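Trainee: Residue numbers (our numbering), protein chains in the order written: chain W, 1 to 415; chain D, 1 to 220.
Hints are not guaranteed to be accurate.
[Claimed, not checked] Heads up, incomplete: computed chain D residues facing chain W, CB under 10 angstroms, no partners named:
1. Gly112
2. Arg116
3. Glu119
4. Ala120
5. Ser121
6. Leu124
7. Glu126
8. Arg128
9. Val130
10. Val135
11. Trp141
12. Tyr181
13. Arg215
Hints listed in this document are in silico derivations from the structure and should not be mistaken for laboratory results. Treat the numbers as computed from the prediction; the structure is a model and nothing was measured. In this text, a Cβ means the ideal position worked out from N, Cα and C, and glycines have one as well.
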Amino acid sequence: MIMRLGAKFENYFLARPLTPAAGHRVDDSVSDERSAEDDQDTRTAELVADFEKQFPGGPLIRFRLRRSEDAFSLTVLFGPSGSGKTTALRCLAGLERPDRGYIRFGNEIWFDSEQRIFVPPQQRRIGYLFQDYTLFPHLTVARNIGYGLRTIDRAERLHRIADIMQLLGLSGLANRYPDQISGGQQQRVALARAVVCRPRMLLLDEPLSALDVPTRVQVRRQLRRSLEKLRMPGFLVTHDRVDALALGDHMVILEDGRVCQSGPVQEVFSRPADLSVARIVGIDTVERAKILHVSDGLATIQIGSAKLFALASDDVNEDAYVCIHAEDVVLEQIGSTPRSSARNRLIGRIRSLDREGPMMRVLLDCGFPLRALVTKQAYEEMQLHEGDEVVAVLKAGALHLVSRGEFEIPDPRAA
Amino acid sequence: MDFEAIWLSVRLASLTTLILLTFGLPFAYWLAVSKWRFKFLLEAIVSLPMILPPTVLGFYLLVAMGPQSPFGQVYAAVAGRFLPFSFQALLIASVLYSAPFALRPFIAAFAGIERRFVEASWCLGESRIVTFFRVVCPLSWPGILAGLVLAFAHTLGEFGVVLMVGGNVPGATRTVSIAIYDEVQALNYKQAGLTSLVLLGSSFLALSVTYLLQRKGGIL
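Produce the entire structure from the sequences given, and follow the hints as far as they go.
Mentor: Right, dumping it as C-alpha cells:
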C-alpha cells in the first residue's frame, strides 16, 4: 500500500512540467507562460514503450517502440491478424495492463511494472478511435462530440463542437443520431469526438475496416488530410497495405507478437529486413513517384531519373507511391526489339540473384531498385549474371499508384 | 374497500423500490462486471428469495429481528421498541424478498452493455462513476425500468413474508393482500373482490407500461 502511494506521488510529480531555472529569473511569470505555451504547441513528446502482455492461451506479445517526432507524423502498426497490433495499441491507451515492462510518454511514466505505476486511460489524455467507432447510440452527433468536454464552460464547449464539425465537414448533422448517418460520417464523428478534447496523441484501431470499399477509398483520403490539418500525431493499426502506404509515415511490422522491423513506410516496404517481413508486406518495389502529367487516364510518372507510364485513377496527385509486384516484371535480353503492348521498357543492371523456391529473385538497378521474379528455366535460358544489363518490361497496369492525401495549401501554423 | 391497506401497500412498495434503486443499482453493476472468483455465491444468495418459500424467509427474518438476536437487541436499544410487527420490519423483509426481481433485470441489462462503450468514455477522460451515469445507465434503462416495476408490483402483492414478520396491525403492517385474506375469512366476498380488482388492474397496468416502454427503447 505504501509502495503504491509512493509510486503514485512520484508519478504525479513527474507528470508536472519541469521548469528548473524559472526561480532564478526576474521575469518569472513570463518564462512560465512561455513554457506552458510551448507545451501546447509542440504537443508531441517522445513515446518509449517496452512491454510484454499475454492473454491466457494467446501468444506472448513483446512490444518495443521508441518514437519521437518534432512534427505531425503517423506510425502504422502493421501485421497479419493475431499479431498483437490491437493489444499493443490498447496497452498504449491504458485499456489493457501489460504484464511486464514500461511505457513512458515525454516525462510522464504511464506504466512501469517494477515501480507498480499504472496511469488509467482517463489521465493519459490520448484520443482512441475504435474499429467500429463506438459512438454512443443514445446521444446525438453534437452530444457525442461534446462528450469529453463536460467540465468546460458551455459557450466554449459549443464553440469547439461547432469548430470541429465544420473542420471535418459534419455541419448540419448536429441533431442526428449515430444510426442516422453514413459509415464515413460516423468515422468522422468519432474522430471529432476524440480530437475535440485536444489529446496529445491519437490511437486509431483499423479506422477504415468497418467501411465498404467505395467509401473506404474516399474516407482514406479525407482521414490523412484531416490528421494533417489537426497536426495530431498518432498510431494506426491496420493490416491493409494501401492504408499503411496512404496514411503512414512510419511503420512497425508485427508478427506473432514480436516487432520485426520499424522505419519509414517506404523503406520497410521496399527493404524488408527479412523474409517474414517481406511476406507480410507482400509488395516488392515501393518508390516515391512524382506525377508529371495525366492524359487519357495514363499518367507519366518519374521515379528517380526514370520516366514511366502508369494507369491513373481519379484521385492521383503530385505526391504518390508506386508499387510494383516482382511477378509483374518481365525481363528481356538487350538488343531484342519486339513490338509489345507493354508501355514501359527500362534498362537495368543486375545487382543480385537469389533462389526462391522454383523462382529466381532478381534485383535490378534501373535508377531505382526494381525487383523481378522469374522462373529458374528462364534464368538459365537467358544466362543471367550479376552485373549484366537487361531490359525490364512493365505494363502500365502493373504500376499501382497510391496517393498521399490531397495537395494542400500548407498549414500556416506549420511554418 | 380498505384504503388504509392500499395506501400502506403503496408506501411500502415505493420505499422498497427506492431502496433497491439506490443500493441495488451499484451492487448489480458490480455483480455484472466483477471478475471475482466467489461472485457466484453472491448471485445465488441474491436469487434465493425467488425459490425459497416466503414462510421460510419470514421465519428466519423473524428470528433475526427478535429480542433473542443481537441485531434485535441493538435495534431495541436504539429505537426503544422491538422490530417485529412494525412497518420497518416489513420494509426490511420486502427489500430482501423483492431484491431478485429488481437485481436480475439490472444485471442482465448491465451485462448486455458492450465494454467498448465504457472504454470509449474512459478514453474521453470520464471516470468510472461518471461513465456509469452518462453511458451505462442511459443504455440500460429498459432493464432498469423493468427491474423497478417488477420490484414494486412484487412488493405490492407479497403475502407470506408480511404475515410472518408484520402480522396484521392496521395502518402499520396490514397490507392489501392481508386485507383481502381477512375479508375472505370473514366471508366478505364483495370487499375482497373489489380490493383484488384494484391489485389486478394496477399490476396489469404497470407491466403493460413496462413492456411498451421497453419496445420503444428498442427502437430508439
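Trainee: Would you check whether arginine 128 (chain D) satisfies its interface hint, that is, whether its CB is within less than 10 angstroms of any CB in chain W?
Mentor: 9 angstroms, holds
Trainee: Is the interface hint for glycine 112 (chain D) satisfied, with its Cβ closer than 10 angstroms to some Cβ of chain W?
Mentor: 13 angstroms, violated
Trainee: Glutamate 119 (chain D) was flagged as interface toward chain W. Is the shortest Cβ-Cβ separation under 10 angstroms?
Mentor: 5 angstroms, holds
Trainee: Would the hint on tyrosine 181 (chain D) be counted as holding, given a Cβ-Cβ threshold of 10 angstroms to chain W?
Mentor: 45 angstroms, violated
Trainee: Holds or violated: valine 135 (chain D) as interface residue toward chain W, Cβ cutoff 10 angstroms?
Mentor: This hint holds: valine 135 (chain D) lies near chain W, its Cβ roughly 6 angstroms from the closest one there, short of 10 angstroms.
Trainee: Does the CB of valine 130 (chain D) sit less than 10 angstroms away from some CB of chain W?
Mentor: 8 angstroms, holds
Trainee: Tell me if alanine 120 (chain D) is really an interface residue toward chain W, meaning its C-beta lies closer than 10 angstroms to one of theirs.
Mentor: 4 angstroms, holds
Trainee: Do the numbers back the hint for arginine 116 (chain D), that is, is its least Cβ distance to chain W under 10 angstroms?
Mentor: Holds - the Cβ of arginine 116 (chain D) comes within 10 angstroms of chain W, reaching about 5 angstroms at its closest.
Trainee: Against chain W, is serine 121 (chain D) within 10 angstroms by beta-carbon distance?
Mentor: 7 angstroms, holds
Trainee: The hint names leucine 124 (chain D) as touching chain W; please verify it with the least Cβ-Cβ distance against 10 angstroms.
Mentor: Interface hint status for leucine 124 (chain D): holds (3 angstroms vs cutoff 10 angstroms).
Trainee: For the hint on arginine 215 (chain D), just tell me whether its beta-carbon gets within less than 10 angstroms of chain W.
Mentor: Given a least distance of 16 angstroms, the restraint on arginine 215 (chain D) is violated.
Trainee: Taking the least C-beta to C-beta distance, is glutamate 126 (chain D) closer than 10 angstroms to chain W?
Mentor: With a closest approach of 7 angstroms, the glutamate 126 (chain D) hint holds.
Hint compliance for this structure: hints 1, 12, 13 are broken, all remaining hints hold.
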